[in-house]
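Novice: Sequence:
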Amino acid sequence: MRIATWNVNSIKQRVGHLVAFLDEAKPDVVCLQELKCQDDGFPRAEIEAAGYAGETLGQKAYNGVALLVRAPLTLGEVRRGLPGDENDEQARYIEGLVTGEGTAPVRVASIYLPNGNPVDSPKYPYKLAFMERLRRHARDLMMHEEAIVLAGDYNVIPEADDASDPDAWRDDALFLPRTRTAFRALLAEGFTEALRACDPKPGLYTFWDYQAGAWNRNAGIRIDHLLLSPQAADRLVSASVQKRLRGLEKPSDHVPVTVELT
DNA sequence: ATGACCTAACTTTTAGGA
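Going left to right, the first sequence walks through residues 118 to 379 as my numbering numbers them.
FYI, nobody ran anything at the bench for these hints, they're computed from the structure.
One or more hints might be untrue.
Using 30 Å as the maximum straight-line C-alpha spacing, the simulated DSS-like pairs for lysine-lysine come out as follows [stated by the list, open to error]:
{"id": "1", "residue 1": "K360", "residue 2": "K318"}
{"id": "2", "residue 1": "K143", "residue 2": "K129"}
{"id": "3", "residue 1": "K318", "residue 2": "K129"}
{"id": "4", "residue 1": "K367", "residue 2": "K318"}
{"id": "5", "residue 1": "K360", "residue 2": "K129"}
{"id": "6", "residue 1": "K143", "residue 2": "K367"}
{"id": "7", "residue 1": "K360", "residue 2": "K143"}
{"id": "8", "residue 1": "K143", "residue 2": "K318"}
{"id": "9", "residue 1": "K367", "residue 2": "K240"}
{"id": "10", "residue 1": "K240", "residue 2": "K129"}
What follows is a set of in silico ranges between Cβ atoms, one per label pair, in the way DEER data are often shown [to be verified]:
{"id": "11", "residue 1": "H261", "residue 2": "R197", "range": "28 to 36 Å"}
{"id": "12", "residue 1": "R352", "residue 2": "A142", "range": "36 to 44 Å"}
{"id": "13", "residue 1": "R301", "residue 2": "R197", "range": "26 to 34 Å"}
{"id": "14", "residue 1": "R361", "residue 2": "G307", "range": "17 to 25 Å"}
{"id": "15", "residue 1": "A142", "residue 2": "A221", "range": "15 to 23 Å"}
The beta-carbon is built from N, C-alpha and C at its ideal position, and this holds for glycine as well.
Whenever a hint applies, use it, and build me the whole structure from the sequences.
Specialist: Dropping the structure here:
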C-alpha cells in the first residue's frame, strides 16, 4: 500500500498537478493539507474521475485537510478534528480507516499542524497545545495495536540536518527547542518517522519558500512527515520525496512525501 | 550585495503562510 502526504497550498490552484500526480504515482491513499476552501468548493468531480474517493474537512480561505483513497479501497470511521478542544474552529485534522479486499487495514490521519509564528503571539501556544492534543490522541490510538500512519505538514524541522541553513531558523516556531521537544514526545509514544528511517542522510527537503529564490538555491526544509505505529513500521518498504513537482509551473511550495507499506 | 512570493477575500490592501 502506497500512502502520500501533500500540502497543496490551495486545492483549486493545484487540482491539475494533483490529478497528474495521482495518474503517475498511483498512491492508494493521499493526505492533503491547506485546501483553502470549504467542503462544497472541493474539486470532487476531477478527483473522482481520476479514480479516487475523498473525505474533507474544509473551511473558508484557510487550512483544510482531506483524505483520498483509490478505488476499490474504502474509507470508514472518519473523524474530523482532534479531541481536546471543542472550541477549535481550525480545519487541521481528519482521520479514517482504509480497508479493502485482500488489503491489511491502515488507520490514516491527514494533519496540518499550526505554523506558530510569530512566537510571541497566541499562535505559538496554540501550536504547542495542538501538538499536545495530537500526542494524547496518538497515545489513545496506540492502544488498539493497529497499523497507523499520521501524515501531514507538521511545521516542525526535527533536526539541524533538515534545513539548508539551520541558523536562519534558530528563533522560528518551526525549529525552537520547545517545538522539537514536543515532536520528540509524539515520536516517543512509539512512532517511527518513515523518511528518516529509510533515508537518514541530511539535505532531504519537502518545502522551499516561494521567496528569495529558495528553490533555485535549494534553500529547503523538511517539515512534512509520516509517522508510523509499530504495526505500520513492520510493513515499511520505502519512503521518498517527489522533489520534481516543485519544479513545475505554478507549484505548491511543498512536495509530496510517499511511503510504501507491504 | 540586495532583494526576490503566493493565495484568498465583502479585493486595489491585508492577513497568513513558513
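Novice: Does each hint hold? Answer for all of them.
Specialist: Hint-by-hint comparison with the structure:
1. K360 to K318: At roughly 15 Å apart (the allowed maximum being 30 Å), K318 and K360 satisfy the hint.
2. K143 to K129: 20 Å, holds
3. K318 to K129: Given that 30 Å is the threshold and the Cα spacing comes to 34 Å, the pair is violated.
4. K367 to K318: 29 Å, holds
5. K360 to K129: With Cα atoms ~21 Å apart, K360 and K129 stay inside 30 Å; holds.
6. K143 to K367: 22 Å, holds
7. K360 to K143: 16 Å, holds
8. K143 to K318: Distance of about 26 Å is within 30 Å: holds.
9. K367 to K240: Measuring from Cα to Cα gives roughly 29 Å; hence the hint holds.
10. K240 to K129: 26 Å, holds
11. H261 to R197: 28 to 36 Å: 19 Å, violated
12. R352 to A142: 36 to 44 Å: 19 Å, violated
13. R301 to R197: 26 to 34 Å: About 27 Å separates the Cβ atoms of R301 and R197, which means 26 to 34 Å holds.
14. R361 to G307: 17 to 25 Å: 33 Å, violated
15. A142 to A221: 15 to 23 Å: Because 20 Å falls inside the window, the suggested range holds.
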